[in-house]
Amino acid sequence: MTHAPDQDPVEGTPLIAPSSVDHPLHEQLVEACRSVYDPEIPVNIYDLGLIYTIAINDENDVNVIMTLTAPGCPVAGEMPGWVQEAVAGVGGIRNVEVALVWEPPWGMEMMSDEARLELGFM
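Be aware that the sequence shown starts at 1, since it is given in UniProt numbering, and climbs by one per residue.
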């Protein structure tokens, strides 16, 4: 049985697309994302778990999929631009697209241990 594209994803399909972790620029892009902070929380957005995917193709075009802690976040309109600027600053990157998504919704379990410690959750 196959699913039509407009139906729910096939069971086993990841909710978050994988990042290009094997790409030579991946770590630099992670560090660029770590330079962006949510103004209300003293932890960078990468360690908060707001960056879902950093995908890099063979032409060094980057597609970042991110979310925010809540749809009503006061910087919702600005933060994707901050991420785009930070990522575009990495040498060798051609184009950067940042997509803001709300599925799956962000949860505190997406934070790194460092972020949990910084915010007093550990």
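Wrong hints could be hidden among the right ones.
[Unchecked claim] So the derived label-pair ranges between C-beta atoms look like this:
(1) Phe121 with Ala88: 29 to 35 Å
(2) Ile16 with Ala76: 15 to 21 Å
(3) Thr53 with Asp113: 25 to 31 Å
(4) Gly81 with Ser20: 19 to 25 Å
(5) Val75 with Glu31: 19 to 25 Å
What the hints contain is simulated information worked out from the structure, not anything from laboratory work.
Bear in mind that the values here come from a model prediction, so they are computed numbers and not experimental data.
Heads up, the beta-carbon is just placed ideally off N, CA and C, and yes, glycines get one too.
Okay, the hints, checked on the actual structure:
Distance hint check: the CB atoms of Phe121 and Ala88 are about 32 Å apart, consistent with the given range 29 to 35 Å. For the pair Ile16 and Ala76, the supplied restraint of 15 to 21 Å holds, since their beta-carbon distance comes to about 19 Å. With their beta carbons about 21 Å apart, Thr53 and Asp113 fall outside the hinted range of 25 to 31 Å. One distance hint, 19 to 25 Å for the beta-carbon pair Gly81 and Ser20, holds here, with the actual separation near 22 Å.
About 21 Å separates the C-beta atoms of Val75 and Glu31, a value consistent with the hinted range of 19 to 25 Å.
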